[in-house]
Amino acid sequence: MPTPSIETLLTVVVLAPLVGAAFNGLLSGMLKRSTVTLVGVGAPVVAFGAALWAVLLWLPLRESLPDASVTAVLLQWISSGPVNVDLALYLDPLSAVVILIVTGIGSLIHLYSVGYMHDDPSYARYFSHLNMFTFAMLLLVLGRSLLVLFVGWEGVGLCSYLLIGFWFTDMDKAIAGKKAFIVNRIGDFGFLLALFFLMFHLKGSLDVPTLRAAVADPTTAFNTDNAMVTLVTLLLFVGATGKSAQIPLYVWLPDAMAGPTPVSALIHAATMVTAGVYMIARLNFLYVLAPWSMAVVASVGAATALFAASIGLVQNDIKKVLAYSTVSQLGYMVLGVGVGAFGAGVFHLMTHAFFKACLFLGAGSVIHAMHGEQDIQKMGGLAGKMPFTRWTFLVATMAIAGVPLLSGFFSKDEILFKALTYHHASGVVPEWLSVVWFAMALGAALMTALYMFRLYFLTFSGEQRDHHAHPHESPATMTIPLIVLAAGAAVVGYVGLPDPSLNLWEHFLEPVFGGSEEAIHATGSHGLELALMGVSSLVALTGIGLAWWMYRGAGREVPGRLATSFAGMHKVLWNKYWVDEAYDLLIVRPLKAIAHFTWKWIDAGLVDGVLVNGPARLISAVGGAGRRLANGDVQAYAAALAVGLAVIVFLFM
Amino acid sequence: MGIETRAITPFLTLTMALPLLGALLLAMIPADRARAHRAVSLVASLGAFLVSLSIWVNFNPALAGFQLVEDHAWLAFGARYTVGVDGISLLLVMLTTLLTPLTILSTFGAIQKRTREFHIAFLVLETSMLGTLLAMDMLLFFIFWEIMLVPMYLIIGIWGGERRIYAAIKFFLYTTVGSVLMFAGIIYLYIQGGSTSFAYLDALKTGLDLQQQMWLFAAFGLAFAIKVPLFPFHTWLPDAHVEAPTAGSVILAGVLLKMGTYGFLRFAIPLFPNAAGVFGLPIMLLAVVGIVYGSFVAWAQDDVKKLVAYSSVAHLGFVMLGMFALTAEAVQGSILQMVNHGVSTGGLFLLVGVLYERRHTRLIAAYGGIAKPMKVFAFFMVVITLSSIGLPGTNGFVGEFLILAGTFREALSSPGGINTSLLVMGIVASTGVVLGAIYMLTMVRKVLFGPITHEENRNLPDVTFREGFILGILVVLVFWIGVFPNVFLSRTSASVGALIDTCKGRMVEHRLAALPALRSDGEVYR
Chain A
4 MPTPSIETLL TVVVLAPLVG AAFNGLLSGM LKRSTVTLVG VGAPVVAFGA ALWAVLLWLP
64 LRESLPDASV TAVLLQWISS GPVNVDLALY LDPLSAVVIL IVTGIGSLIH LYSVGYMHDD
124 PSYARYFSHL NMFTFAMLLL VLGRSLLVLF VGWEGVGLCS YLLIGFWFTD MDKAIAGKKA
184 FIVNRIGDFG FLLALFFLMF HLKGSLDVPT LRAAVADPTT AFNTDNAMVT LVTLLLFVGA
244 TGKSAQIPLY VWLPDAMAGP TPVSALIHAA TMVTAGVYMI ARLNFLYVLA PWSMAVVASV
304 GAATALFAAS IGLVQNDIKK VLAYSTVSQL GYMVLGVGVG AFGAGVFHLM THAFFKACLF
364 LGAGSVIHAM HGEQDIQKMG GLAGKMPFTR WTFLVATMAI AGVPLLSGFF SKDEILFKAL
424 TYHHASGVVP EWLSVVWFAM ALGAALMTAL YMFRLYFLTF SGEQRDHHAH PHESPATMTI
484 PLIVLAAGAA VVGYVGLPDP SLNLWEHFLE PVFGGSEEAI HATGSHGLEL ALMGVSSLVA
544 LTGIGLAWWM YRGAGREVPG RLATSFAGMH KVLWNKYWVD EAYDLLIVRP LKAIAHFTWK
604 WIDAGLVDGV LVNGPARLIS AVGGAGRRLA NGDVQAYAAA LAVGLAVIVF LFM
Chain B
57 MGIETRAITP FLTLTMALPL LGALLLAMIP ADRARAHRAV SLVASLGAFL VSLSIWVNFN
117 PALAGFQLVE DHAWLAFGAR YTVGVDGISL LLVMLTTLLT PLTILSTFGA IQKRTREFHI
177 AFLVLETSML GTLLAMDMLL FFIFWEIMLV PMYLIIGIWG GERRIYAAIK FFLYTTVGSV
237 LMFAGIIYLY IQGGSTSFAY LDALKTGLDL QQQMWLFAAF GLAFAIKVPL FPFHTWLPDA
297 HVEAPTAGSV ILAGVLLKMG TYGFLRFAIP LFPNAAGVFG LPIMLLAVVG IVYGSFVAWA
357 QDDVKKLVAY SSVAHLGFVM LGMFALTAEA VQGSILQMVN HGVSTGGLFL LVGVLYERRH
417 TRLIAAYGGI AKPMKVFAFF MVVITLSSIG LPGTNGFVGE FLILAGTFRE ALSSPGGINT
477 SLLVMGIVAS TGVVLGAIYM LTMVRKVLFG PITHEENRNL PDVTFREGFI LGILVVLVFW
537 IGVFPNVFLS RTSASVGALI DTCKGRMVEH RLAALPALRS DGEVYR
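If you're matching them up, the sequences are chains A and B in order.
According to the working numbering, the first sequence holds residues 4 to 656 in order.
According to the working numbering, the second sequence holds residues 57 to 582 in order.
Take the hints with a grain of salt, since some may be wrong.
[Said to hold, decoys possible] What follows is a set of in silico ranges between Cβ atoms, one per label pair, in the way DEER data are often shown: (1) A83/B <-> L29/A: 55 to 65 Å; (2) P429/B <-> A442/A: 49 to 59 Å; (3) E512/B <-> T213/A: 57 to 67 Å; (4) T213/A <-> V99/B: 45 to 55 Å; (5) L78/A <-> T487/B: 29 to 39 Å; (6) G612/A <-> V99/B: 27 to 37 Å; (7) A240/B <-> T213/A: 27 to 37 Å; (8) E376/A <-> R219/B: 50 to 60 Å; (9) A607/A <-> T520/B: 51 to 61 Å.
Hint data in this document are derived by calculation from the structure and do not stem from the laboratory.
Cβ coordinates follow ideal geometry from the N, Cα and C atoms, glycine included.
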């Protein structure tokens with residue numbers, strides 16, 4: 004068999020999940036469960052195989068390729084006026100890394116789902132949606148045009164909506180799905196406006212490589228109209244705050260935990276929610292032109308990291324803790340790309356994909372064993388009963404907490420270091436901001452270690468506090484993915500060692516981010532970086548120690564005492580700062596009232612009642628003829644019309 | 057714009073004649089033979105569809121003017137039977153011939169009384185709609201335009217709901233008021249042109265000053281604005297939709313409303329381009345108001361049909377916006393969006409009809425959780441909803457995106473600098489993508505999801521094969537247009553390009569002259 008071209012393989016990568024989705028979706032009623040499994044799990048595995056093959060073929064060639072990239076044009080999609088968009092796939096170092104994450108971790112989560120969803124009556128629909136998600140995510144990542152990226156962007160949002168509301172007979176779950184879609188659409192509104200300003204004010208192309216070339220040309224509007232570049236990048240970031248759950252649009256993600264747990268792992272932790280980070284990294288060349296936009300991005304990221312971590316400290320639902328943790332970790336990634344550390348942001352995206360997917364799947368295994376129980380206060384003592392789940396969960400917890408030499412340690416430290424030493428070449432952004440960002444991120448790191456080990460200890464250590472359930476280890480389809488992901492969470496950090504000569508990651512992504520580095524003056528030395536690693540190691544270990552003391556050791560009454568002596572603070576955190584309630588009161592209710600008012604008073608009252616029916620009533624009141632006219636006799640109307648027409652025609656003859 | 061090709065085979069006349077022949081045949085069948093009525097009606101409309109396929113095949117996308125033209129002497133005083141098709145009417149013709157047999161198929165269960173008269177009305181309606189789209193003679197156009205009213209009036213008034221008489225009269229009077237003025241306008245043009253011809257192509261050459269153009273534009277424009285309907289002329293629409301039988305609503309929303317938008321594009325803009333410039337911004341303002349207003353009012357509805365009716369006001373606001381932005385992508389997007397609206401809103405009315413046939417209520421609160429007993433129905437409803445809210449990959453996205461893109465281009469890249477009022481309109485119109493998601497997904501959630509709240513919904517039968525077939529074809533169109541829009545866009549580009557070439561300059565000239573206060577100095581973002 005001749006070796007397929009990279010272009011063909013890329014097409015297979017994208018289409019395999021689509022075919023799987025269509026097959027299981029359209030034939031769901033007539034398929035055997037084993038067929039559903041074969042196709043449903045097979046599709047992402049085929050995509051992974053094709054992605055791996057494509058990347059292996061491309062690796063030795065890439066030095067000789069323009070931008071180290073390969074393009075596969077599938078179809079001329081829209082051609083109208085100046086809008087010319089091809090449906091084209093674009094493989095470069097950035098998309099290569101991300102498609103491997105999406106299809107690799109995606110395949111593991113599909114496999115895990117076989118066990119987790121085993122007894123669900125809508126098994127085929129589940130796999131159909133999950134495959135469709137994979138398709139949309141791959142389109143987002145591989146899209147060469149921003150409009151194709153946007154197709155994937157909204158497509159993943161749709162699948163998220165369908166999967167959050169997967170168990171739709173539960174009204175709360177259906178509402179959570181709808182909320183996710185609408186909040187994301189608010190972000191997408193910003194994204195769309197950005198595209199229009201980009202196309203028609205900056206005269207830029209939606210095609211990313213073409214855009215990049217235009218940005219590099221000093222005579223284009225990109226280099227003369229900085230206010231507009233700032234506006235465009237900020238509007239794009241509005242889209243990112245929706246998709247990547249940043250302040251102020253993060254509110255949908257905690258609710259999204261209503262979906263099946265593997266969905267939380269794949270969509271709401273490992274892949275979709277990182278799309279905003281990916282988009283900013285993809286457009287790094289545009290963002291570095293707008294230092295104020297980057298400052299906003301970094302500030303929102305740092306604030307989100309700290310804010311969400313603080314909520315995570317007091318939550319008792321195992322999935323809610325992980326959800327706020329995800330929001331917080333996404334904050335780190337956003338902070339990373341906001342300080343021009345694009346490589347580090349995407350590095351954390353990758354390490355997070357491993358440890359957070361592992362944590363969610365571990366949580367799923369726990370929930371499975373506890374017969375649906377999600378309250379960690381009712382758990383405890385699962386360590387002995389679920390050894391695989393326990394050990395893999397522990398490794399992932401250590402990774403996210405920043406325990407030295409595990410993956411999260413390297414990626415988080417890189418972001419902390421870059422945040423502290425960030426200095427935009429334009430010099431317009433005050434340097435004290437860097438210190439603020441660094442302090443916020445460090446505070447969030449302490450909280451992360453604390454709430455994650457709180458979660459771990461309450462779930463696995465000590466004695467079982469609630470004896471209704473009889474926990475048992477999950478089947479192999481669930482534990483194998485856990486083991487692979489935990490292994491990844493332990494070791495993938497070594498591709499990005501904090502030494503210029505050893506950092507394979509930065510070197511590999513150089514063709515994508517290299518050009519933007521000139522705009523960032525990183526002032527830090529290697530010595531400072533190592534010193535910071537010491538600091539953050541200390542912070543992580545302090546957090547873990549605190550958690551041990553409060554939830555395992557002598558300080559067990561401390562959490563209760565803290566909750567009573569700082570009752571106000573505890574209430575604020577427990578109620579998640581009442582943000583949902585505030586949005587409801589300030590936005591949702593007023594809009595509903597406006598809708599109702601518009602209908603009842605303006606439409607039915609003014610427009611129809613007064614302006615339209617008013618004259619009609621007047622006429623029929625004045626002349627009794629009106630009553631005879633409006634008697635509903637169809638033939639009379641038709642005759643009247645015909646006579647009237649005839650009269651007019653003959654008059655003009 | 058002129059005549060590009062003349063027909064060797066009269067495909068256009070054949071397409072128009074087949075439904076009429078069917079109607080004549082029906083008149084000869086006894087009143088109690090319902091099955092025969094349905095069969096004849098379906099065969100006649102399917103025949104029209106098949107013949108219209110040869111219009112599609114023989115249409116040359118590279119030509120800007122009218123194709124497959126047939127021209128015959130007809131009445132005295134210069135009125136002729138002239139029909140032709142171009143890139144502006146082609147897609148709407150195809151939409152009409154496809155949607156009509158599907159709709160007729162949907163009535164097989166719902167319409168049980170006076171089937172003969174119903175199908176006669178329906179087939180006459182099809183012929184008149186096609187005639188309105190294909191006529192190249194103004195008098196012929198007007199005759200078809202007026203005939204179109206009668207069967208729709210009867211369909212609402214006889215086969216409609218409880219308040220059908222009120223709704224039918226409102227529909228009839230409202231649209232007739234518009235038509236009367238348009239007729240006066242047509243006669244004025246005829247006299248102005250030397251009283252020799254009603255031909256559209258001659259009318260294009262009539263010399264008119266701005267004053268005359270403005271009066272004529274107002275006369276034509278009012279008729280079209282009512283039909284669209286443009287805010288605030290829309291209140292007949294919810295009443296008509298709510299009372300009309302399902303099939304009536306489908307054709308009303310799917311095709312009839314487009315006669316208004318088509319009228320603007322075919323007549324009001326090219327015949328009176330300077331006036332279109334003067335009225336352009338105010339009309340676009342009403343269109344944008346319609347998008348937001350229609351969305352909000354739709355959100356407040358507790359009747360599914362009313363919700364869909366108000367969503368039409370919002371969707372057609374997009375179409376109007378695009379036409380008056382008058383850039384290639386905006387106008388092509390508008391034409392595509394007319395078709396998209398026919399597919400998605402037609403589909404939504406069919407879905408409501410499926411529910412109504414089972415439960416005899418249109419109240420959203422009467423449903424809830426029906427995705428469980430009606431799985432296939434739920435699939436169709438979700439897909440068509442996504443098309444309606446313009447999800448990328450579906451047809452709705454391409455139309456909305458092109459319309460908004462064209463509006464923004466006109467606002468940002470015109471030679472005169474940034475047009476702030478247009479820019480604001482573009483931004484406000486873009487909120488439609490959020491608002492659409494809100495009211496449509498809220499409705500879907502209330503109807504399909506959650507626990508079953510009414511016992512009688514627990515065992516609702518899912519869609520039948522017939523219903524599934526109809527909806528399936530619409531779903532194929534949703535994705536076909538969404539993934540391969542160029543198949544459709546390429547057939548509109550030459551005609552739209554010619555329209556813009558001839559009108560744009562005159563239109564923009566007066567847009568600048570008439571509303572100087574609304575224009576910025578172009579220094580906003582520099």
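Practice task
Provide an ascending list of the numbers of those earlier hints which the structure does not satisfy.
Solution key: Of the numbered hints given earlier, those the structure breaks are 1, 6, 7, 9, listed in rising order.
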